[in-house]
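Keeping the supplied structure of chain A fixed, place chain B upon it in accordance with the hints.
Same order as they appear, the protein sequences are chains A and B. Under our numbering, think of the first position of the first sequence as 1, with each following residue one higher. Under our numbering, think of the first position of the second sequence as 1, with each following residue one higher.
Don't read these hints as lab results, they were simulated from the structure. Be a bit skeptical, because a hint or two may be false.
Claimed, not checked - Simulated coverage check for chain A against chain B, where a stretch passes if three residues somewhere in it have a Cβ under 8 Å from a Cβ of chain B:
#1 322–336
#2 413–425
#3 431–445
Cβ coordinates follow ideal geometry from the N, Cα and C atoms, glycine included.
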Amino acid sequence: MKTKKKEAQSAVAGRPGDSNAIQVWKDGDTTTRLSYFVFGLGNLVNKQIVRGLLFLIMEIAYLAYLFSFGIGALGNFMTLGTVEQGQVYNEALGIYEYSTGDNSMLCLLYGVITIVLTAAILFIAYMSAKSAYCTQKRKEKGQHIPSFMDDLRSLKEENLHAFLLAMPIIGIICFTIVPLIFMILIAFTSYDHEHQPPGNLFSWVGLDNFKAMFSQGSALASTFWPVLTWTLIWAVVATVSCYILGLLLAILINRKGTRGKGFWRFMFVLSVAVPQFVTLLSMRTIFNANGPVNVLLREIGLIGATESIPFFTNSLYAKITIICINIWIGVPFTMLSTTGILQNIPAELYEAAKIDGANSATIFWKITLPYMLFIMTPNLITSFTGNINNFNVIFLLSGGGPDSLEYYYAGKTDLLVTWLYRLTITQKDYNLGAVIGILVFIILAVLSLTTYRRTGSYKDEGAFQ
Amino acid sequence: MKTKKFITNTACHILLAVLSVIWVLPIFYVILTSFRKEGGSYKSYIWPRGFTFDNYINLFNGNSSINFTRWFTNTFVIAIFSTILSAFFVLCVSYVMSRLRFKMRKKFMNIALILGMFPGFMSMIAVYYILKGLGLLETGVLKQISLVLVYSGGAGLGFYMAKGFFDTIPKSIDEAAYIDGATKWDTFIRITIPLSKPIITYTLITTFMGPWVDYIFAKVIMGNETPYYTIAIGLWTMLEQEFVEYYYTQFYAGCVIISIPIAILFLMTQKCYVEGVSGAVKG
Numbered sequence: 001m002k003t004k005k006k007e008a009q010s011a012v013a014g015r016p017g018d019s020n021a022i023q024v025w026k027d028g029d030t031t032t033r034l035s036y037f038v039f040g041l042g043n044l045v046n047k048q049i050v051r052g053l054l055f056l057i058m059e060i061a062y063l064a065y066l067f068s069f070g071i072g073a074l075g076n077f078m079t080l081g082t083v084e085q086g087q088v089y090n091e092a093l094g095i096y097e098y099s100t101g102d103n104s105m106l107c108l109l110y111g112v113i114t115i116v117l118t119a120a121i122l123f124i125a126y127m128s129a130k131s132a133y134c135t136q137k138r139k140e141k142g143q144h145i146p147s148f149m150d151d152l153r154s155l156k157e158e159n160l161h162a163f164l165l166a167m168p169i170i171g172i173i174c175f176t177i178v179p180l181i182f183m184i185l186i187a188f189t190s191y192d193h194e195h196q197p198p199g200n201l202f203s204w205v206g207l208d209n210f211k212a213m214f215s216q217g218s219a220l221a222s223t224f225w226p227v228l229t230w231t232l233i234w235a236v237v238a239t240v241s242c243y244i245l246g247l248l249l250a251i252l253i254n255r256k257g258t259r260g261k262g263f264w265r266f267m268f269v270l271s272v273a274v275p276q277f278v279t280l281l282s283m284r285t286i287f288n289a290n291g292p293v294n295v296l297l298r299e300i301g302l303i304g305a306t307e308s309i310p311f312f313t314n315s316l317y318a319k320i321t322i323i324c325i326n327i328w329i330g331v332p333f334t335m336l337s338t339t340g341i342l343q344n345i346p347a348e349l350y351e352a353a354k355i356d357g358a359n360s361a362t363i364f365w366k367i368t369l370p371y372m373l374f375i376m377t378p379n380l381i382t383s384f385t386g387n388i389n390n391f392n393v394i395f396l397l398s399g400g401g402p403d404s405l406e407y408y409y410a411g412k413t414d415l416l417v418t419w420l421y422r423l424t425i426t427q428k429d430y431n432l433g434a435v436i437g438i439l440v441f442i443i444l445a446v447l448s449l450t451t452y453r454r455t456g457s458y459k460d461e462g463a464f465q
Numbered sequence: 001m002k003t004k005k006f007i008t009n010t011a012c013h014i015l016l017a018v019l020s021v022i023w024v025l026p027i028f029y030v031i032l033t034s035f036r037k038e039g040g041s042y043k044s045y046i047w048p049r050g051f052t053f054d055n056y057i058n059l060f061n062g063n064s065s066i067n068f069t070r071w072f073t074n075t076f077v078i079a080i081f082s083t084i085l086s087a088f089f090v091l092c093v094s095y096v097m098s099r100l101r102f103k104m105r106k107k108f109m110n111i112a113l114i115l116g117m118f119p120g121f122m123s124m125i126a127v128y129y130i131l132k133g134l135g136l137l138e139t140g141v142l143k144q145i146s147l148v149l150v151y152s153g154g155a156g157l158g159f160y161m162a163k164g165f166f167d168t169i170p171k172s173i174d175e176a177a178y179i180d181g182a183t184k185w186d187t188f189i190r191i192t193i194p195l196s197k198p199i200i201t202y203t204l205i206t207t208f209m210g211p212w213v214d215y216i217f218a219k220v221i222m223g224n225e226t227p228y229y230t231i232a233i234g235l236w237t238m239l240e241q242e243f244v245e246y247y248y249t250q251f252y253a254g255c256v257i258i259s260i261p262i263a264i265l266f267l268m269t270q271k272c273y274v275e276g277v278s279g280a281v282k283g
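Here chain B stands alone, though its shape is the one from the complex:
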């Protein structure tokens, strides 16, 4: 019996080891290539002949067409503003849907469900023309503002996760506050919000990560205005035919640089996510 257990345990560990190698290898390859000394794109060997930090250094000595530093700041600013706006929208809507009862509530939730079923960028062309009609696509800066609007405008529809969290906060806490004379607004600000730190952090971080990883909306709105690009389209540009030979290794360096902060943020959300899914106050 004991030997059998030992064998299954060893087998499981070996299987896990093999699997984690498969899962880590591509990441390892990305890091490896980002330090590769030889330029050019594809090589007929895997292990680099030499290592260098130049790929990272060159990334920040950007020229006019590939300006990594600029793209990084662009994305950062856009991310901050759209995070504030969309987190506000999401929290408002999810609180209302979870706690307040009014006539249109069920209808609103069904409409949100239905709207979520249209392919996201089906409306993108129309959004593009609306923004153009409003004159918001005249200059690069205006384009950035409209990108913020695009990222956060429809954010109110993504309320399910936070609503699920608010649902788990016992109603008795609210009722206790009402008895003490608090308005619903007070309850929202003073009681629900402080109790919801995990879900707020989760919402903040996930919306913050959005602009870093979105390719398609940014591309449609920015068009050819390279200086105003966000990171994602910037990196994509590096892989285009005209750039790939020269920027291949720098592309990987760029990937590593933006992956590190995002990975850290993501690992932070994981804690909040688990707490968020499992509920707020155990009562």
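Bound conformation, chain A alone:
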């Protein structure tokens, strides 16, 4: 047992496992170098049969895929299909039949999959050479060459990360990365409502979609800028209002004089506990032109018996209503997450401030808020990005409406994300949707990476360990 551990340590000390591809090529002997091309060769030569065979099988499988299907897929990926679907007159039946053409969408998809597989096989090539290199080094030093059983055992120890990450990463690649690459590429094609496969082909158009989005005076540009402005206003107002008001509510409940803290907390938690789409859908009916709020206003006599306040049909009212409803939804949530932190603020700070004669407003602005902001900046950034992408609130409340004729298929309360939804699902302009997705990403990346990297919790995550 002990010798084995020592061995493992010395292997780590030598660190052949940390070498990069070029080092492996330089230091490796011929077998190691050949392992770049014949996977697992280095392992097979040194009697690591199972490991070597696994590498080899992967290579053979990839090559089989490449020659049977992959090369064709890559060719189609470059052109996105050349044969358009046509109509052929079938004389025997006396009708027109559709001849199968190329499906540009599938060409693109298979192309992306082939590229991802190729990237994976390049990585495996590197792994194969590195594995050969490690074995070579061990042999030179006269160390024990790990058998397949040792490899399996290492999955529980120094390679545990590979074992645990394998499944999640496959999931992430299949359901996040491949689709993202696919959509990013679509931004550079002409896949809009006029080019719908399988009926029509679409093709690569370079940066045309981006140019259209920014060209002065076009319908797209005159939609993009107002929608972007509203998205940013919405994100700032929604984040700040929910945060400040929620914090105030938490303070109100937590102050010394308040009785029945648990009861008050429960009253507000109740609204968080109800599923959000239920709240949103009911709010939509409650603020409907004939919904209970308007009925109430009519009964009180604030508006005439047949009038109604256009909560969702006037663009300004709609914006205000949505922000208010969002406060209704968000405030209890902030209250919940801040309560614990509030209780951790050192009491001496407050005592000292009181002795100095500070009133409660000063205490809030000078002590509570800075302290909370210091701890919760990452949370605020997350909720800000969450609000920029807040699809549910807008979609389920107003659906982006009221619609506007000046806009290209967008309404006055549409955020970039809900516009993206409309463009893709309703309007089938996939390329424009993808362009917006990329722009949203750029905005978010710039905003949050710059701020996030400055926060303490990123810089030293080990501070509490």
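Using the frame of chain A, we list chain B on its own:
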């Protein structure tokens, strides 16, 4: 001094009372309408003229287009499977990121951060076509399987919360285990997992609630296959023009029925959430 304190205290309580009325009223309205006897959608009055349980009973005597019981079971099954898968993914990734040090670690965390910035359903269209390409959208049951895959596939990216929790478990506990000859795997299974009950419960419950409240992915994948709908799209359907006149009150009954278990689960997570945020073992 004392009277001043009394006045501020009373003012605070009154303010809290007013606020909680504002926060509870809409919920109260939902419950009220779910018991309303008169059918039809919007009324020119608020307090119902009569009360009945029929809305709830009718909900479970579903017909072909509005089959609440079926939707409920669909959602339940989908929720169970995607919970198991995604909780497994999340725990694996967050443990690795918190405890193990390897070459790609920082890179992986940055990539996760970047991927999180793309709008969630930007990839949805592509996911839809990938699933279609794999033949997973042929029948309703396959669609349900693909919905499970969609809900849990990218779950590994949401590891921040659990990682934060694992970070608070003192490393000395792990080191003690290594000295006793435990492998890292043993430490993960025998020590970290049992110590992490709050965060595991939290992960389980939050992922379980996902399918109940997701509208958009379910809608895109299910399309028009009404019998295979989940609750969220089902309820949305009830508010559509052709159904709203007849199903308005039943919609509210449905909302109440699914809100109760979810609210209970949520209140349970709150305890775990507070424990999860404040850390595991105070050392």
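message: Flag every earlier hint the structure violates by its number, smallest first.
response: none
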